[in-house]
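Protein chains: 4
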Amino acid sequence: MLDDLNEKCAVVGVFGNDEASKMAFLALHAQQHRGQEAAGISSADGVKLHLIKNRGLVTKVFNEDDLENTLVGRSAIGHTRYSTAGDDSILDAQPVFARYNRGEMAIVHNGNLTNAAEVRADLIEKGAIFQTYMDTENLIHLIAKNKQAKLLDRIIESVKTIQGAFSLVFLSRKKMFAMRDAHGFRPLSLGKLGDGYIVASETCAFDIVGAEFIRDVEPGELLIFEDGKEPQSIKVLEPTPKHCIFEYVYFARPDSNVFGQNVYEMRKNMGKALAHEKPVEGDLVIPVPDGGVPAAIGYAQESGIPFEMGIMRNHYIGRTFIEPTQEIRDLKVKMKLSPVTSMIKGKRVIVIDDSIVRGTTSMRIIRMLKEAGAAEVHMRISSPPTTDPCYYGVDTPDKDKLIASSRTCDEICEYIGADSLSFLSNDALLKSVNSDSDKYCTACFTGEYIV
Amino acid sequence: MLDDLNEKCAVVGVFGNDEASKMAFLALHAQQHRGQEAAGISSADGVKLHLIKNRGLVTKVFNEDDLENTLVGRSAIGHTRYSTAGDDSILDAQPVFARYNRGEMAIVHNGNLTNAAEVRADLIEKGAIFQTYMDTENLIHLIAKNKQAKLLDRIIESVKTIQGAFSLVFLSRKKMFAMRDAHGFRPLSLGKLGDGYIVASETCAFDIVGAEFIRDVEPGELLIFEDGKEPQSIKVLEPTPKHCIFEYVYFARPDSNVFGQNVYEMRKNMGKALAHEKPVEGDLVIPVPDGGVPAAIGYAQESGIPFEMGIMRNHYIGRTFIEPTQEIRDLKVKMKLSPVTSMIKGKRVIVIDDSIVRGTTSMRIIRMLKEAGAAEVHMRISSPPTTDPCYYGVDTPDKDKLIASSRTCDEICEYIGADSLSFLSNDALLKSVNSDSDKYCTACFTGEYIV
Amino acid sequence: MLDDLNEKCAVVGVFGNDEASKMAFLALHAQQHRGQEAAGISSADGVKLHLIKNRGLVTKVFNEDDLENTLVGRSAIGHTRYSTAGDDSILDAQPVFARYNRGEMAIVHNGNLTNAAEVRADLIEKGAIFQTYMDTENLIHLIAKNKQAKLLDRIIESVKTIQGAFSLVFLSRKKMFAMRDAHGFRPLSLGKLGDGYIVASETCAFDIVGAEFIRDVEPGELLIFEDGKEPQSIKVLEPTPKHCIFEYVYFARPDSNVFGQNVYEMRKNMGKALAHEKPVEGDLVIPVPDGGVPAAIGYAQESGIPFEMGIMRNHYIGRTFIEPTQEIRDLKVKMKLSPVTSMIKGKRVIVIDDSIVRGTTSMRIIRMLKEAGAAEVHMRISSPPTTDPCYYGVDTPDKDKLIASSRTCDEICEYIGADSLSFLSNDALLKSVNSDSDKYCTACFTGEYIV
Amino acid sequence: MLDDLNEKCAVVGVFGNDEASKMAFLALHAQQHRGQEAAGISSADGVKLHLIKNRGLVTKVFNEDDLENTLVGRSAIGHTRYSTAGDDSILDAQPVFARYNRGEMAIVHNGNLTNAAEVRADLIEKGAIFQTYMDTENLIHLIAKNKQAKLLDRIIESVKTIQGAFSLVFLSRKKMFAMRDAHGFRPLSLGKLGDGYIVASETCAFDIVGAEFIRDVEPGELLIFEDGKEPQSIKVLEPTPKHCIFEYVYFARPDSNVFGQNVYEMRKNMGKALAHEKPVEGDLVIPVPDGGVPAAIGYAQESGIPFEMGIMRNHYIGRTFIEPTQEIRDLKVKMKLSPVTSMIKGKRVIVIDDSIVRGTTSMRIIRMLKEAGAAEVHMRISSPPTTDPCYYGVDTPDKDKLIASSRTCDEICEYIGADSLSFLSNDALLKSVNSDSDKYCTACFTGEYIV
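Chains as they are written, first to last, in the working numbering: chain D, 1 to 451; chain X, 1 to 451; chain P, 1 to 451; chain W, 1 to 451.
Accuracy of the hints is not assured; some may be wrong.
Unchecked claim - So the derived label-pair ranges between C-beta atoms look like this: (1) P:Glu64 x D:Arg329: 13 to 21 Å; (2) X:Glu327 x D:Asn63: 27 to 35 Å; (3) P:Glu281 x D:Pro279: 30 to 38 Å; (4) P:Gly373 x D:Lys229: 48 to 56 Å; (5) P:Glu64 x D:Asn63: 53 to 61 Å; (6) D:Pro279 x P:Ala375: 49 to 57 Å; (7) X:Ser233 x W:Asp65: 45 to 53 Å.
Read the hints as simulated data drawn from the structure, not as lab findings.
In this text the structure is predicted, and so the values were computed from the model without any measurement.
Just so you know, even glycine gets a beta-carbon here, dropped at the ideal spot from N, CA and C.
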């Protein structure tokens, strides 16, 4: 799919570690695929919070001096962000930080609040002042304005008033809190890191720092981290799981476990199901890298057709883009992907990708394969047609930009120039992830949003 | 004096100009001497505010694309900042921006609020949430929380509750407001720029954009800029002028007029008064560049002793500083200043500087002149001993770091190694700026703060 | 293998194209894997040569303005370089440029001259002056000093006096020349680009610009490119092919064809041969990415054991490396590679890599897999033990750093902690690339260097 | 004059100092005004030369690590360069470095060789190969090709074949040589630095490192620096002094002594002579900063008309230049210079500048002063009309760009819009520097070049 959809964020929280901000840094680095535009870490030393955030990759935003001398303390939370370009993008980095009548607080948030506009309007009506465009800023106001004496109670009452997708980590001077919405849209896992703890969007963050996976933070659960105590759990919201199935389809790293299952395996299952449900004769199964690799392996294993890495990915893509005036067709895609021509020539190629969003990239890939001499190109997609935008934390184009919102499978096939095109059915997708239809959100495929 | 004291900011506001943000950029560039750490501009296009701010010099923070395509609209306000290093320095750049129940607003502020802590505590007590350490953020909350229907009234009531030094410019979607505290601590002037208007800390900002000086914004006055109207004036606070005399002594650019008088002339007057009040026999009068130049010219003219540029300033000072292990004495000063040895050798030199803060720089300069062969070095300072810190917008060291807070003139003379040392008296200073003792704040020399 | 060996360079030459330098830029970008330290392009406009070279990736060294306004002309040659750090690394970028008694010339070179020291000593003895450490500079002197009247003849006589590996492209004001050593150690292919021509180290450079592969430049062949003519061919050296087999094993991009065969296919053949020659029982075949992928696919297809991408590669590796004081074992490898734990747990894993150089990386990968729960780890290497350094253009460690130079296969197996270890035999390797033992240089495996 | 003419270089050599490269760095920093485009240092450790050079200011080209770990050894030579933009500007930085049949050598050069083209043609004819456009490269070839056994003799014979302006420092593995052309066009002074020695273009370089001035290197003299010995002197060329008088007029730093006299004093003398020779009635004498300051002081002292700093210089000029579409007249000059309006208004102003090159800058300054309200503006130039280009090391525009080459003083006066304009006569200039007409080169004023 190559960047047509973007996960909005990754979060991490480290509690009770002498090098909390370094651990947070490494955890963010491992989760860089979830957001490359901005990064930030806030740490707490028991007396005060510290904060550094800026635009850029994790390795660019922080240097060793920042981590050692500014972001001091035994707890830290961090965030990477995919942010749309524009006026306020510098200001919209996270953590969101606030000083208010009960102290200081920093928040990181993966997800999207569906009632943010109303809550914000209401808060503004009551006198709140917003300094950014981030929905996450709402939470600061809700917690600060809440009348409860204890921070814990204020957090609890506040999260009850927000809707949508939220995997949150809160940092105060002495405590850390982790919370997941009732549907558990976005992943959030708990691990043991030395004598302390870590929470992160994906378990790949645990592997890099040598943390041990304990369990997922449950939908609707709030975890409280306090010095010298086990993390306490409070069921704040009634859990009604609706995990984002696109985490399995595309977002999460294959080596992560999210929602209790390994991502790579789920993708392989999808590939197998696809081979079963939408078989086609062919000589080779090749993935669109990197997203389509596990599904293609699954497809090949199930179909018995050989798997090949028929398309190479160039990892030296820099920012500068030189456009020759004498047009080189599909140059943008060609700078990223290139076919192994000798292998493809004269072959009936089954190309596996995770999804089709706008259709343009698929069209270019197919054209590239045909120019490389493929006899036939059959595209198989390991998810259903993406027909509807996401309101739960994915940066989707508007509905009218989604090719599947207005075109049939045949029309898309014609548009992209494939010899055949099939998508995995929603039922088969759900079966691939070992689920009944209730446990996952598939709104982007079905338009059936949770109210 | 060479950087021992630092003005905290410059502000600018441009209203009714097709290239408002470019005019603001040029005006900030002309005022760069008032703050080199961060810069920001917010513009309004009638519908929405736009904002870019970051660390660095004006020419680094903004590029042409920013000014043309992001900071669009016919009004703009800007800020340059001297900021102490630390955690939140990126966040503490101005303009401060807010979205609240009546719309959007951006504020720039030159000065320092003396009751900021109490006001903030009170606001926080009432539920306000602060996202930065800047006292300027108080104003956003005061204005937003105010019950008055009109923005104008909210601003008026709000500024009545803050104390200290403030030259402010507010930008809303359609209007701009400029306000100065009752004492008029910091300068703020009004100019005509084409069909529109400009306000700026110093008139040197008018010269660069070709604006015509109209008058100063009066102490306690609020100016309202609205499309198709002359600026309206409201006397919000009873004016009791206490202009910062250090603007004349050191901060403002010599080509600027502040508080109705030309800075260069005031400095020359101080030099003349110094020659009259604290004469000394000598062969040459030389300034410590650049601050001491006009006073030295005045001193020379009054005393009849020849003026010479006996110390050169190197303008290629970069960030990198290489310290040889085999010590070169006073290298740091020598990289900035160097004596014209052949002229100084064997001469009785009268060195003119604007002030002595810590004393270390003076000591090094005198040692450098003695090493260059000066027979005698007589230091004359065109202001009284700096004995007390400023609470009105100057970044002064703590009182115990001010050499004059605990030492007599003779003791300082001995410390810096001069053959003689004299300061201009406070009375003579006030006379130099054509004033009685009431119109200016001289707290840094007298310890007599306005309550 | 992950960066233990490094190809030293890629070259490109474009002749007869209105955007010659842009085509060269794109071709270098596609060949960036052959050298990331420095890059340069020289163009000719018929009257004069132009040159830009510097340290850094291709996208950093050149901007659009350089390509459009400085590197003008219808022919251009380019180079990317892997260079050892040190004093003169900036100076040692290519193209090498010279002005001499017959005009101007620029040269790019992939390879290594084995008699460079003697030739240089001789040239210096005769009065030549060298301004860099590059062996390529020899050629400039040889050509310039040669008595022949025609440049062509001077080039011919000069290349006859150098030994070793060289794929060269020369640019004069009006012509371009491409030459390959008699053994054809390094690849160099000829393509048609619009009405003009292109030569490049790898054919992946042709694909990006839409050029059509014609044939390889033959060992010992010199091609002359002149306006309005077909490229002329001269057999300068008697061809005795000894192609670098490591191009197939590791260096070249899988989608390139080098030495007349597709790299991906050769690697798959090696994997198949490995499965046949060194079988082992296992549950999964997984590659060390990216180098081991095609061989692992081949191994899996031949053995019938499932292929899985059991190790993920993180592509966001930046320059900054934060080392926590509380040691995280193998952090450096973990930041690049991570296992799909759930898939590996309890499994007998067959890991395929292209080669073992120092052994350290292999040791870390195996430890990582064991920590992820692998029941057994069997390492299979798709090339023989690397026992000897390369003198033909590969940056190999000294012989005593090559683990296989002093240890048996069993000893290496113990060192890296694998349950079993096998290498592909040299004979099987040669068979995999469809060759008798004469056509390829396998000196790094056998120590049998061409004299 | 503001940058219309540019000195091409500064050189430094340090011999016998444990921190030779750091001393060279500081000396280059002090001489940064002689070239801002590129910088380089080469050091020798007895066995090998080391070299770092690149584009940019001295503080940007070198970092502490370079000076401590790469540029090791007890001797070092350095260079700053003003270089015209273009293809090869990176390559054309100095030191020029070479390896040849007798060892290694690095050279730095301030000046310009007038027979460079012929010498180069001859060298090329004989087979030499040039890798840059710098005339300095000639020397490398001459020395290397020379048949003498000793380096000293080769240097001596070589410098006898070159003509023009050259202040040179040579570095070999164990020795250093300093040489000045027979006319002594460019300055070069010798100082004692600890137990070792330093040579530099200007004595301001001695002051920063605490070196003691010994004497100038004499025209035609070669100094040899060798371990454990006093510097040896050889008269290589018959001295016929023709010092560049423009060093006094504009190039050198006022605190430097060049050609045995202090620059500041010479400029004051010119100002005094100007007041005497070209008097005019006026209220104020103001300099065009910084170049015109000492002459203006001299003019004021001689005429009795008060000296004032009536034009301020802004030192925050960055690279970015924002051009508003609605033109602000003379913005480029206004960003650098601004008048003290209140002082100038209604006054008859005598403006002192060092020279007029193109005339455009003078025109803008005068327009700026008139717009500031000056009643009259009388321009006085402390040197004669610049009518002819320099061939001895100054980057002058072509003759037809020199306004004085084709216009009379009255015509220039009309062009620049002054009320009167006068230049110092050549005789008076020579008298100001205490010389008969023979000792200085005034070719740029007279067109009388030394053959």
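How the hints compare with the structure:
{"no.": "1", "hint": "P:Glu64 x D:Arg329: 13 to 21 Å", "verdict": "holds (20 Å)"}
{"no.": "2", "hint": "X:Glu327 x D:Asn63: 27 to 35 Å", "verdict": "holds (29 Å)"}
{"no.": "3", "hint": "P:Glu281 x D:Pro279: 30 to 38 Å", "verdict": "holds (31 Å)"}
{"no.": "4", "hint": "P:Gly373 x D:Lys229: 48 to 56 Å", "verdict": "violated (31 Å)"}
{"no.": "5", "hint": "P:Glu64 x D:Asn63: 53 to 61 Å", "verdict": "violated (30 Å)"}
{"no.": "6", "hint": "D:Pro279 x P:Ala375: 49 to 57 Å", "verdict": "violated (34 Å)"}
{"no.": "7", "hint": "X:Ser233 x W:Asp65: 45 to 53 Å", "verdict": "violated (59 Å)"}
Hint violations for this structure: numbers 4, 5, 6 and 7, all remaining hints satisfied.
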